[in-house]
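Engineer: Chain by chain, the residues run as shown.
There are 2 protein chains.
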Amino acid sequence: MHRHFEDAEEELKQRLLRMGGLVEDMLSYAGKGLLEKDETALKKVYETEAEVNRLHIELDDRALKLIALHQPAAADVRFTVACIKINSDLERIGDQAMNIAQNTEIFLKRPPLAHTFVALPRMVELAASMLKNSLDAFVGKNVELAGAVLSSDTEEDRLKSAVFHAVMGLMQNDASTVQSALCIMLIARNLERIADHATNISEDVIFMVRGTDVRHHSAGTSKIGA
Amino acid sequence: MHRHFEDAEEELKQRLLRMGGLVEDMLSYAGKGLLEKDETALKKVYETEAEVNRLHIELDDRALKLIALHQPAAADVRFTVACIKINSDLERIGDQAMNIAQNTEIFLKRPPLAHTFVALPRMVELAASMLKNSLDAFVGKNVELAGAVLSSDTEEDRLKSAVFHAVMGLMQNDASTVQSALCIMLIARNLERIADHATNISEDVIFMVRGTDVRHHSAGTSKIGA
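Residue numbers (the working numbering), protein chains in the order written: chain U, 962 to 1187; chain H, 962 to 1187.
Keep in mind that the hints are not guaranteed to be accurate.
Unchecked claim - Here are the in silico distance ranges between beta carbons for each label pair: (1) H/K974 x U/K1070: 47 to 55 Å; (2) H/E967 x U/L996: 29 to 37 Å; (3) U/D1174 x H/Q1032: 44 to 52 Å; (4) H/G1101 x U/R1015: 42 to 50 Å; (5) U/E967 x H/A1036: 50 to 58 Å; (6) H/D1097 x U/T1173: 28 to 36 Å; (7) H/P1082 x U/E971: 31 to 39 Å; (8) U/T1173 x H/A1036: 24 to 32 Å; (9) H/K974 x U/E967: 29 to 37 Å; (10) H/E1019 x U/S1090: 30 to 38 Å; (11) U/E971 x H/R1015: 33 to 41 Å; (12) H/R1015 x U/G1108: 50 to 58 Å.
Bear in mind the hints are in silico, worked out from the structure with no lab data behind them.
All of these numbers come straight from a predicted model, not from anything done at the bench.
We put the beta carbon where it would ideally sit given N, CA and C, even for glycine.
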């Protein structure tokens, strides 16, 4: 029975990592589509979503069965519930990657903007590394790495504010840029939310490993406009 | 033992309803602040958040102990995991109410806009009724009511698009409105996300009652710009 439970736990973990890998791909394709104006990459984002949605449902199902069929100890319950939560955050990161692809498609159909948003490629890179580190922290039960992801979130927020500021200036100076500039603003928001979900995953890893809840321990958990 | 488990389950449910009530209050205060330019109501949003955050952590803790200490049957596991998920969505609705309050504060500091956004009060009302209905569906294990919430989500998306359209027109016609108009756009987005979370709650209720997963069954689960 115990052996069987460990096998089931390992299978759940492998499924979650497969899901994580696919979501990383979606973000990578979306970033490539945006930064290199690559419409083929955007199509790959859409194509990957179906498998992510299928895994999302399968994972929850496996996790519930694991709890119902076995009698897991406290630490195993924490592991299984962490998987359910991380599953949900990964699925939402996939949704955000879809939104980036859709907003990029609209953006690419419009006349190009003269302005270059220098913070945007850094936002893509940081979001991708936060996602990767949160998954690595999960695999390695690495609380320090999870903590590093929490710290990076402030930088992503700062970059988003820089993009918002640039977008606002652009729209105020030239009304013809409003629609394109709004696309960029929405994409910056999508990236910021991906960073938030990676933060959630890291908090779940810390809870899973330590059994302590690190959420809501800073005064300002919400961000203006988020 | 069985009696004890039922008591623990009932206590978990009561905590979740208390959390739901507080989050409903936050949304109601935020809506009042926005629609009646009432800064006292905005303050009440901020004041309520601390208790919501406390309950958020307490609820997860209780739910995990309930699974670890008892040996719940499949339906009870579904109930407990549904509570954990609904807890997370309620907390995020609270975050969105905070964001509405913050964006409203910024909006009220700026010169008033001549334009009236007729879809906005309807968005507030619909989001509040979706939240209420999703909680009522949870209490009454009412799958039909939960299904009605899922249908309402399309209307909230439609209203959000109407606000976006109006905001875009305004900004294109008069650059001096950009900052205020953006606040309205962000608030419409916040309301749409509250409707999304109410939809998640309703999906969890259906899963809890029926044991079937209704997520990802329509082709387009993601929305442009969301």
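Engineer: Looking back at the numbered hints, which does the structure fail to meet, lowest number first?
Structural biologist: 2, 3, 4, 5, 7, 12
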